[in-house]
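Enquirer: Sequence:
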Amino acid sequence: MLDVVAKNREAFRVESRVTHKGKNGKTNVLYSHVNPSYLGDFLKDINGYAKEQNVKGLQNFLQKKFLDSSQFMLNGKILNRWIEDLYNDPLNGKGGFAEMISYSRFLGSADVDFENFTSK
Numbered sequence: 034m035l036d037v038v039a040k041n042r043e044a045f046r047v048e049s050r051v052t053h054k055g056k057n058g059k060t061n062v063l064y065s066h067v068n069p070s071y072l073g074d075f076l077k078d079i080n081g082y083a084k085e086q087n088v089k090g091l092q093n094f095l096q097k098k099f100l101d102s103s104q105f106m107l108n109g110k111i112l113n114r115w116i117e118d119l120y121n122d123p124l125n126g127k128g129g130f131a132e133m134i135s136y137s138r139f140l141g142s143a144d145v146d147f148e149n150f151t152s153k
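Just so we're aligned: the sequence shown equals residues 34 to 153 in our numbering.
Keep in mind the hints are simulated off the structure, nothing from the lab. Keep in mind that the hints are not guaranteed to be accurate.
Stated by the list, open to error - Taking CB as the label site, the calculated pair distances span:
#1 115 with 61: 28 to 34 Å
#2 59 with 90: 47 to 53 Å
#3 61 with 86: 39 to 45 Å
Unchecked claim - Simulated pairs of lysine-lysine, DSS-like, Cα-Cα distance not exceeding 25 Å:
#4 89 with 77
#5 97 with 84
#6 54 with 77
#7 97 with 77
#8 127 with 77
#9 98 with 77
#10 127 with 84
#11 89 with 110
#12 77 with 59
#13 110 with 98
#14 89 with 59
Every residue gets a Cβ at the ideal spot worked out from N, C-alpha and C, and that includes glycine.
Given these sequences and hints, build the entire structure.
Expert: As structure tokens, this is what we get:
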């Protein structure tokens with residue numbers, strides 16, 4: 034079960050609640066409070082452009098996010114190799130750099146495998 038418990042200025046705060054039987058036969062409920070991170074949201078955005086094969090959208094996203102700054106682009110040259118590879122990726126479905134990026138959010142432990150909460 035997944036409940037949205039609060040919305041704050043940064044993003045949604047999500048409470049994940051999972052019920053399972055413990056080793057002693059009793060029902061245990063585990064909770065996980067997840068606050069989305071900047072890096073997680075960034076990777077999710079890049080993955081979205083790659084899935085849609087939206088080259089212009091990805092280039093505009095990178096332009097606004099990074100390339101408007103002289104720290105990342107100077108005299109028309111992109112100074113960061115990863116951003117350059119993302120910017121020039123053709124997104125043609127053949128396993129380019131942007132298409133290799135994925136992000137998963139999950140609840141679990143080494144001995145108990147819980148449901149993947151990424152799409153919820």
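Enquirer: Next, verify each hint and record whether it holds.
Expert: Hints versus structure:
no.: 1; hint: 115 with 61: 28 to 34 Å; in the structure: violated, 42 Å
no.: 2; hint: 59 with 90: 47 to 53 Å; in the structure: holds, 50 Å
no.: 3; hint: 61 with 86: 39 to 45 Å; in the structure: holds, 44 Å
no.: 4; hint: 89 with 77; in the structure: holds, 17 Å
no.: 5; hint: 97 with 84; in the structure: holds, 20 Å
no.: 6; hint: 54 with 77; in the structure: violated, 33 Å
no.: 7; hint: 97 with 77; in the structure: holds, 17 Å
no.: 8; hint: 127 with 77; in the structure: holds, 19 Å
no.: 9; hint: 98 with 77; in the structure: holds, 14 Å
no.: 10; hint: 127 with 84; in the structure: holds, 11 Å
no.: 11; hint: 89 with 110; in the structure: holds, 18 Å
no.: 12; hint: 77 with 59; in the structure: violated, 37 Å
no.: 13; hint: 110 with 98; in the structure: holds, 16 Å
no.: 14; hint: 89 with 59; in the structure: violated, 54 Å
Of the numbered hints listed earlier, those contradicted by the structure are 1, 6, 12, 14.
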